[in-house]
Amino acid sequence: MTEILLNAAQGGFLNSEFAEVSISLLDGLWENIRLFSSTLLFALPLGLIITFGSMSKFRPLKYLTRLFVWVIRGTPLMLQLFVVFYVPGLIFNVPMQDRMTAALIAFVINYSAYFSEIYRGGIESIPKGQYEACQVLGMTKGQTFFKVILMQVVKRVVPPMSNEIITLVKDTSLARVIAVSEILMAAERFSRKGVIWPLFYTAVYFLVFCGGLTLLFGWIEKKLDYYKG
Amino acid sequence: MAILEVTNVHKSFGSNHVLNGIGFSLEEGSVLSIIGSSGSGKTTLLRCITSLETADEGKIVVNGNVVFDSENQHKFTKDEIRKARLSVGLVFQSFNLFPQYSVLENVTLAVKLHAKDRPDYKANKKAIIEEIEAEGMELLRKVGLAEKRDAYPCELSGGQQQRVSIARALAMKPDILFFDEPTSALDPELTGEILKVIKGLAADNMTMVIVTHEMSFARDVSDYIIFMDDGVIAEQGTPEQVIMNPQNERTKAFLSRFQQ
Chain L
1 MTEILLNAAQ GGFLNSEFAE VSISLLDGLW ENIRLFSSTL LFALPLGLII
51 TFGSMSKFRP LKYLTRLFVW VIRGTPLMLQ LFVVFYVPGL IFNVPMQDRM
101 TAALIAFVIN YSAYFSEIYR GGIESIPKGQ YEACQVLGMT KGQTFFKVIL
151 MQVVKRVVPP MSNEIITLVK DTSLARVIAV SEILMAAERF SRKGVIWPLF
201 YTAVYFLVFC GGLTLLFGWI EKKLDYYKG
Chain H
1 MAILEVTNVH KSFGSNHVLN GIGFSLEEGS VLSIIGSSGS GKTTLLRCIT
51 SLETADEGKI VVNGNVVFDS ENQHKFTKDE IRKARLSVGL VFQSFNLFPQ
101 YSVLENVTLA VKLHAKDRPD YKANKKAIIE EIEAEGMELL RKVGLAEKRD
151 AYPCELSGGQ QQRVSIARAL AMKPDILFFD EPTSALDPEL TGEILKVIKG
201 LAADNMTMVI VTHEMSFARD VSDYIIFMDD GVIAEQGTPE QVIMNPQNER
251 TKAFLSRFQQ
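As they're listed, the protein sequences go chains L and H.
Residues in the first sequence are numbered from 1 upward in steps of one, following my numbering.
Residues in the second sequence are numbered from 1 upward in steps of one, following my numbering.
Okay, chain H solo, but in the shape it has when bound (with noise of 0.2 Å):
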């Protein structure tokens, strides 16, 4: 079964129709990267997924749990649909970490509150909190900052920052891992480190979407790739389809610009 089902997504912003119809699935350890233009509507549609927005209309289905539908908007609460965000992880482009927290703090502050919610928690509250920061830990070491531990964000490298939130948003154990454009706002000899952290979590099965410019990156990484021009996909296949043989002409014109 399909870990992510988006059904025919609309969405605009006043008379500026940004997401006209988005269909696609995705399957469990699977990668997508999503390319296009400027303004074609990828990251809407990336909030869209992350209920970071509301779309107009159509039908989002993450691991089993529906995170919006238009026909049954009313049934969900504000206490559900915050649940239901929780399968889905969201990497910022401009990574957006918490400046009053050190690096280990940021990674932990959203699962230890959590944490307060289960029922066993007052009784073994030490061992909760020690176990997700050696959880946090573990994570820390596997995007190479385990040293940064007690550093804070303003002492990091825009790419070391980058590392700490793909790590604060694996803590929360997500089905989903979403990036936006994760590394436009890095100088271009920082991308690097991000795309090996993206490639080992590849090779962990770690099902991914992601918003990227970086072309060579989505063709070596994406099991899948979609193309968006003017808020529909305008082609869609495997890697060799898409970027290797493109067949439509607005794909064919938005790749030829990158490999100028």
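For reference, chain L alone in the conformation it holds in the complex (with noise of 0.2 Å):
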């Protein structure tokens, strides 16, 4: 019995164009996660630090980190890609070595330039009485920022974050530019074989995965409802 199911296992499913297309999708999808854990690992951190700069009263340093963010901001991430793949080698000769490497770096980059302005956002919704409060109270900067001020601006940040952290799940598609073998590129072998089904069933993947991260905002989100404000 076990026998027949492991046969019918083997010559219905694994053996079939399907399982072969859905394995090495699966991945190429592994590509996609790897680049979107570590853009989120460098970008989120970064993106605070570039806040600090764009809200700075030291002029030069503000207006420097607006003029950056405004030229990833207005630049397509496409081109940011080929610009740290390419512009190494091209100018300091000495080319990228590793495709992921140079496409972590531009995701980072260009990420972290629009957490920093959903940081600003939030950061500049608390209200001054939050400060002020902490300010008769004796604390330090750092503790009004770290202790009072942080916990607010998660909370008010969750919404729009989440909405910038699905769009990068889909943008890591973006790597295939720079031959980073994702979801998209591990398709197109097949595509280029003529068949052409698998393309479209990448989109599932990417529900799922969207899906997945819409679940867990969700839970942030009420966790962090307990108070208001």
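Treat each hint with caution, since some may be false.
[Unchecked claim] Cβ pair distances, simulated, as ranges:
id, chain 1, residue 1, chain 2, residue 2, range
1, L, Trp219, H, Asn124, 54 to 60 Å
2, L, Ser56, H, Glu147, 44 to 50 Å
3, L, Val71, H, Ile129, 45 to 51 Å
To be clear, the hints were calculated from the coordinates, so they are not data collected in a lab.
Note that this is a predicted model, so its numbers are computed, not measured.
Using N, Cα and C, we set each Cβ at its ideal position, and we do this for glycine too.
Please assemble the complex out of the two chains, which come individually in their own frames, going by the hints.
In structure tokens form, the structure reads like this:
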């Protein structure tokens, strides 16, 4: 009985074209997940540092940071991928060794610029009275930010951040332009052989990935719902 | 010796001269109410004394510590200003409680942070924290909110929130407690509970400066009244002098609007 099932499975599913495509796309998706999570790991804190720069009272730093954010937000991510991948080789004669690293650098720079603006919006929306209350209680600037302001900012930025992070999931496919073998590239290998459907099948993977994130962000929002303000 | 000495304080915002030479002093344990119409500079004066604004000119001394002196400004580092601030407490019109912290945490947060500077903090951490929380609970009992210790500010009425913010200010053990229109953001039926707490503090000999529009309350609770008009002290004295027998025409006009 077991043998029959196993044979059926091997003959029916495991050896089928569908299984081959599914596994190959999963391999591709793994690259997207790596790029996605590493981008978050670096861009989330880096964004905060850029925020501090763009809110600095030291004007040169403030304008320099805002110029940086303008350039990054004002040019296509695809172009930035090309720049990071090709420019070191073309100009400095040190070609990028690893495509994934190049993609990660471009993504971290791009997303930290967007995150920084979301953080800035969050920080600037905190009422002045919160800072003044901290001031009359003799708290230092660091204590004020980390003990009082930050948690309120986190609550306020969760909805826009979930939006941006879900966009990141799909943007990771742009790494295909510098030949990172992510899911769309995996699907294209089939379409080049005349099998088109895997290309559309990738949507299922994205939907599942984003669906999971949507649930996660909903849960976080609920967790932060114990207070208002 | 006076616990608060304010000498010739000036403050402008751009071309708008808000304070034009304010001077007064206050004895320990007494209650001063500052009255006057909107825009007369009451709140700005309070904000200058509590260092939320920096005055342009003049001198402010709290309990022997110079918190502002336009002649000697360069001598103050940021840390000194922060420490000098600890001698004054301020209760805001709009409470400004920390929404993500419970009532007890609101009261004890700053005290706990300051305790970290104590040399014996590491050795006695647990005992110190327990002591701070016990003191916080004592203050909550004082303002009648002990049973709300674990509630969050959004779950409280405006009056209860303001009582928590009074407890929070008291937790720092300030030499002087300032109130910036503590009942103005409240429904009329909720002002009573705040006034009762302030009266209780007055009975305990807490030195207080209250900016208020509650004339009968100012008359009952204060030892001293200042009437401000156009950035100067137009009239000052005991409640009997200023509220019952005003001499200045502006004071008379201001008070008559309240008696209607």
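Now the hints, each set against the structure:
1. Trp219(L) / Asn124(H): 54 to 60 Å: The hint (54 to 60 Å, Cβ to Cβ) is violated, given that Trp219(L) and Asn124(H) are roughly 39 Å apart.
2. Ser56(L) / Glu147(H): 44 to 50 Å: holds (45 Å)
3. Val71(L) / Ile129(H): 45 to 51 Å: The hint (45 to 51 Å, Cβ to Cβ) holds, given that Val71(L) and Ile129(H) are roughly 49 Å apart.
Going down the numbered hints, you'll see the structure goes against just number 1.
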